[in-house]
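Chain by chain, the residues run as shown.
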Amino acid sequence: MALDRRRFLMGAGLVGLALQSPLLFAGSSSGAESLAISRRIPGTNEAIPAIGMGTWITFNVGGDPTLVEQRTRVLKTFFELGGTVVDGSPMYGTAADVMGEALTALDAEDRLFAATKIWTGDESATRDEAARSGRRWGVDRFDLLQVHNLRGWQGHLETLKAMKPEGEVRYIGITTSHGRRHREFEQIMEREPIDFVQLTYNVLDREAEQRLLPLAREKGIGVIVNRPFQGGSLFRRFQAESLPGWAGDAGVKNWSEFFLKYIISHPAVTCAIPATSKVDHMRENMGALYGDLPSPGQRQQMADYVGSL
Amino acid sequence: MTGSDWLSYSLQDFIMFGPQVFLRLFMRLNQDIWPWTLVAVLLGLLVPFCLVSHKRRLRRLALGLIALSWIVSGYGFLVGYFGPVNWPAGVFGWAFVLQGSVFGLMTVAGVADHPEPFHEPSHEPDNGQYRKASRGLVVCWIVACLVLPWLPVAESGVWQALALFGLTPWTTAAISMLAISVLRGPWRWFYLTLPVLWVVFSAATFWVLQTLWLLAFPVATLVFAALGFWLSPRRAQSPD
Chain H
1 MALDRRRFLM
11 GAGLVGLALQ
21 SPLLFAGSSS
31 GAESLAISRR
41 IPGTNEAIPA
51 IGMGTWITFN
61 VGGDPTLVEQ
71 RTRVLKTFFE
81 LGGTVVDGSP
91 MYGTAADVMG
101 EALTALDAED
111 RLFAATKIWT
121 GDESATRDEA
131 ARSGRRWGVD
141 RFDLLQVHNL
151 RGWQGHLETL
161 KAMKPEGEVR
171 YIGITTSHGR
181 RHREFEQIME
191 REPIDFVQLT
201 YNVLDREAEQ
211 RLLPLAREKG
221 IGVIVNRPFQ
231 GGSLFRRFQA
241 ESLPGWAGDA
251 GVKNWSEFFL
261 KYIISHPAVT
271 CAIPATSKVD
281 HMRENMGALY
291 GDLPSPGQRQ
301 QMADYVGSL
Chain X
1 MTGSDWLSYS
11 LQDFIMFGPQ
21 VFLRLFMRLN
31 QDIWPWTLVA
41 VLLGLLVPFC
51 LVSHKRRLRR
61 LALGLIALSW
71 IVSGYGFLVG
81 YFGPVNWPAG
91 VFGWAFVLQG
101 SVFGLMTVAG
111 VADHPEPFHE
121 PSHEPDNGQY
131 RKASRGLVVC
141 WIVACLVLPW
151 LPVAESGVWQ
161 ALALFGLTPW
171 TTAAISMLAI
181 SVLRGPWRWF
191 YLTLPVLWVV
201 FSAATFWVLQ
211 TLWLLAFPVA
221 TLVFAALGFW
231 LSPRRAQSPD
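Protein chains in written order, with my numbering: chain H, 1 to 309; chain X, 1 to 240.
I should point out that these hints are in silico values taken from the structure, not numbers from a laboratory. These figures come from a predicted structure and were not determined experimentally. Check before you lean on any hint, since a few could be wrong.
Computed footprint of chain X on chain H, listed as stretches where at least three residues anywhere in the stretch have a Cβ under 8 Å from a Cβ of chain X [unchecked claim]: (1) 44-58; (2) 63-73.
These stretches of chain X come out as covered by chain H in the derived footprint (C-beta under 8 Å, 3 or more residues) [as the list claims (entries may be wrong)]: (3) 157-165; (4) 171-179; (5) 191-198.
Heads up, the beta-carbon is just placed ideally off N, CA and C, and yes, glycines get one too.
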């Protein structure tokens, strides 16, 4: 095949693009389909992969060496398939220590977008809590610190706002889950200069579509979505059902992709953070980082289909 | 947080670990302390014979071993293994240590146990009630000691997950309820307080984890507590 100038320049451009961005061609094996879906963080335009990883329950394995090794393989798969955003909390038992062990074993700090939470009623302990979490994870600083479930949010947020210009953290935010305290959450989003909110949103729990997601877009706040599988209950409810015939047109190959692509195709969503303890499930989850996303019309079809089952 | 915020939480929100992690705690303990597990089995089987003995010294030895079982299973299993993944379990662990320590001290001081639990007073005719009660206690104890440890095995499918008396809190709490039968009145209620809380905590945990075989532990604890009262000397002294 003759290599003309146009083809050469196109090829060189693609190679250059791939080298520039770790999000592209991650786990490449299927050509154009292996372009990872990324989202810009509104405040800085920094791109992050639209699928991240949560650690609630799954990484709280105590000092069990077998399970620590197994979770390390889960994290390795996550990185290999193009993931970067990992979210934790000091509330999750030993999950932070296990994450620290896994990161050390993989020597993967440079690939990580580290997000954790401040979870203490003592509003003067923000820095101490962040430092303690940093030691447990083995990171010098977190990319994102969030006030967990608005616990002591006034004091913590003031400190976080002071930490950001000093370079102690790159982004700050607040979290909620299960649809709790949305009214107060909204007020904070209106008033405070936060970079991220984390909230529960999935194909069944869609309350955030009413106010919080539009507000996040309006205010330029990134959105991290927790409980994308409703704590696993979406699988228990729907896995026995078959996917709709049009699922392939919406870029969906399995239920995991169905649930995740529904979320990350919302224009306000920056990243969804499913949690898993199994390598196979991680592969399925990360499948949602590639391929087509459903259109607005297909999203409505997805919600209607699940509602009809 | 407001009251309605608290109401929005479910039991599941307080369980931060999965069944795999939980069931592996039993395997890890057994692997880590092998071959001391054999000693635990032997002592567990020895306790009921001492408990119904004519000699008060032997009965106190049995009560001392039961107290030690609370301490070992509380500190070893709950504080050492379960606490790191579930902090309330660590709190229960220290409560087990406290229960075992107080009970042990009271046993040494000789104030907790009934002086003649399974022996007919001289003024009563020998109608076999006391003998039957003591045999019933021994049989129940031995059967429980041999059956209850297999519940985590049934749940996990791994035989190394045995939950032995004296090493794991569920088997220890359940079986040692039978010792109520040799305690004096007020001490029975002291002895019962922690197990009641433990039953509630355990049942809630097992329900959330959907480890349904393990729900037999809290059920067995309540059944053996009732049995402990039923086998007690007061019952034996009032045969109808």
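Item to complete: Establish whether the coverage given for the segment 157-165 of chain X by chain H is satisfied; the threshold is a Cβ-Cβ distance below 8 Å, and no fewer than three residues must meet it.
Response: With 0 residues close enough to chain H, the hint is violated.
Worksheet item: Does the segment 171-179 of chain X contain three or more residues whose Cβ lies closer than 8 Å to a Cβ of chain H?
Response: That given contact is violated, which follows from only 0 residues of the segment 171-179 of chain X lying within Cβ reach (below 8 Å) of chain H.
Worksheet item: Taking a Cβ-to-Cβ distance below 8 Å as contact, does the segment 44-58 of chain H have at least three residues touching chain X?
Response: holds (count 3)
Worksheet item: Mind checking, does the segment 191-198 of chain X have 3 or more residues with a CB under 8 Å from chain H?
Response: With 0 residues close enough to chain H, the hint is violated.
Practice prompt. Examine the segment 63-73 of chain H: at least three residues should have C-beta closer than 8 Å to a C-beta of chain X.
Written response: holds (count 4)
When held up to the earlier numbered hints, the structure conflicts with 3, 4, 5 and fits the remainder.
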